[in-house]
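Peer 1: Chain residues, written in single-letter form:
Number of protein chains: 2
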Amino acid sequence: MTSSDDVQQAPVKAPAKDPWDLPDVSGLVVGVLGGTGDQGRGLAYRLARAGQKVIVGSRAADRARTAAEEIGHGVEGAENAECARRSDIVIVAVPWDGHAKTLEALRDDLAGKLVVDCVNPLGFDKKGAYALVPDEGSAAEQAAALLPDSRVTAAFHHLSAVLLQDEAIDEIDTDVMVLGESRADTDQVQALAARIPGMRGVFAGRLRNAHQVESLVANLISVNRRYKVHAGLRVTDI
Amino acid sequence: MTSSDDVQQAPVKAPAKDPWDLPDVSGLVVGVLGGTGDQGRGLAYRLARAGQKVIVGSRAADRARTAAEEIGHGVEGAENAECARRSDIVIVAVPWDGHAKTLEALRDDLAGKLVVDCVNPLGFDKKGAYALVPDEGSAAEQAAALLPDSRVTAAFHHLSAVLLQDEAIDEIDTDVMVLGESRADTDQVQALAARIPGMRGVFAGRLRNAHQVESLVANLISVNRRYKVHAGLRVTDI
Chain A
1 MTSSDDVQQA
11 PVKAPAKDPW
21 DLPDVSGLVV
31 GVLGGTGDQG
41 RGLAYRLARA
51 GQKVIVGSRA
61 ADRARTAAEE
71 IGHGVEGAEN
81 AECARRSDIV
91 IVAVPWDGHA
101 KTLEALRDDL
111 AGKLVVDCVN
121 PLGFDKKGAY
131 ALVPDEGSAA
141 EQAAALLPDS
151 RVTAAFHHLS
161 AVLLQDEAID
171 EIDTDVMVLG
181 ESRADTDQVQ
191 ALAARIPGMR
201 GVFAGRLRNA
211 HQVESLVANL
221 ISVNRRYKVH
231 AGLRVTDI
Chain B
1 MTSSDDVQQA
11 PVKAPAKDPW
21 DLPDVSGLVV
31 GVLGGTGDQG
41 RGLAYRLARA
51 GQKVIVGSRA
61 ADRARTAAEE
71 IGHGVEGAEN
81 AECARRSDIV
91 IVAVPWDGHA
101 KTLEALRDDL
111 AGKLVVDCVN
121 PLGFDKKGAY
131 ALVPDEGSAA
141 EQAAALLPDS
151 RVTAAFHHLS
161 AVLLQDEAID
171 EIDTDVMVLG
181 ESRADTDQVQ
191 ALAARIPGMR
201 GVFAGRLRNA
211 HQVESLVANL
221 ISVNRRYKVH
231 AGLRVTDI
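Going line by line, the protein sequences match chains A and B. Residues 1 to 238, numbered by this note's numbering, are exactly what the first sequence covers, in order. Residues 1 to 238, numbered by this note's numbering, are exactly what the second sequence covers, in order.
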């Protein structure tokens, strides 16, 4: 079988840059599309609490503003297009059902932006959750196809919205797998994840390998059900 | 978007059995098909070192016996069919290329056995590793389709063969995601994983969710390349 360390035999090209040498993103504005949903709200809360300027987006500006007030920590609310335009980094946390339609409508507003897709395309039936397979391969690849003028990455898939939103919890003990085509982009997303205490952003491949990261949430749901927990993931040996 | 803890809202049926109440598997014989490859050899070594009776299988009995002697710890070698027949639990660690053919030929020998598939169907090109999608959905589902009289599970996907085979390492700091349709079967595989110091077997869903677990190895390969490590996974909050 194929082992994960087969790659160790690949030829090494140049002295590698320290993978933990990440840029300062503390001054960037972060938008969260779908910021009124549980996951978006949880991420907005954690980032704002860590000192990041955050704007939550929604289809309806008043719903976004209500959510922003509830989150506090200086979070603002805006209609999705304004949220996108005013942000440097835009996290996509909308339901899978509305993913394509939402992004298509925001193509111009998201031009030039660093987009972070964290959507997990899943189906549910009596046996639990299972992976859906988007035509493009993954939600992230769908985003990349729909947003040719944006810098699309994928991250923040395996977080528990319950833990993110629990104000009594100070640290989120998990790694965030970050995928993308450009190192400059994935470095920024890793740095953003690292703003949240306990969280670490780990580069985990190109967008063509996003499907398994997205759909692994189906497995974490099984873990949650069996063990009555809010499971996350840590990458070992790094 | 869908959060991994949405399932918390599902109705709870009966008082749950303690998920850590696992059976004693120390008396069972473990066969490793593909036991002369790096991953199979590493698993055979770790299990035998932990006191498990292990038989490594290969297409050629003499190659199997040579590998067994090199591994030590009482490991025996045998041709695949004999390895299967003499074992209670059979780990499938053959290359993906030969997966279907090998299992098809062993259908009768594997009847009634607990089969643990740990094969990762991956392709490689200049950009690194990527997931292959078997017609059946995953290697594990292919095994289940080819072995109707066996109890097929999936586990041991994310292990580093380098770490497994390094005699200087006493503990393998990782969780093993275990998938299957029957709790009795997955409990046995979890118990087997837990025989190896540092390792923990975690139930992580049904076989229909095996593809993402298998193909996540492509992401771990990216991690290994970026960070110069032998990455594994831990599930948090359990």
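Treat the hints loosely; a few may be bogus.
It does not matter which identical chain is meant; a pair holds if it fits inside one copy or across any two.
Claimed, not checked - Derived pair list, reagent style BS3-like, types lysine-lysine, alpha-carbon separation capped at 30 Å:
| # | residue 1 | residue 2 |
| --- | --- | --- |
| 1 | LYS126 | LYS101 |
| 2 | LYS101 | LYS17 |
| 3 | LYS101 | LYS53 |
| 4 | LYS127 | LYS17 |
Since the hints were made in silico from the structure, they are not lab data.
Peer 1: How would you classify LYS101 and LYS17 at a CA-CA limit of 30 Å: within, between, both, or neither?
Peer 2: This pair counts as neither: shortest intra-copy Cα distance 38 Å, inter-copy 44 Å.
Peer 1: Classify it for me, LYS126 with LYS101: is the Cα-Cα distance of at most 30 Å met within a copy, between copies, both or neither?
Peer 2: Only inside one copy: LYS126 and LYS101 sit 28 Å apart there, 33 Å across copies, limit 30 Å.
Peer 1: One pair to classify: LYS127 and LYS17, alpha carbons no more than 30 Å apart. Within, between, both, or neither?
Peer 2: between (45 Å within a copy, 18 Å between copies)
Peer 1: First find the shortest C-alpha distance between LYS101 and LYS53 inside one copy, then the shortest across copies, and answer within, between, both or neither for a cut-off of 30 Å.
Peer 2: within (26 Å within a copy, 56 Å between copies)
Taken one by one, the earlier hints fail for this structure only at number 2.
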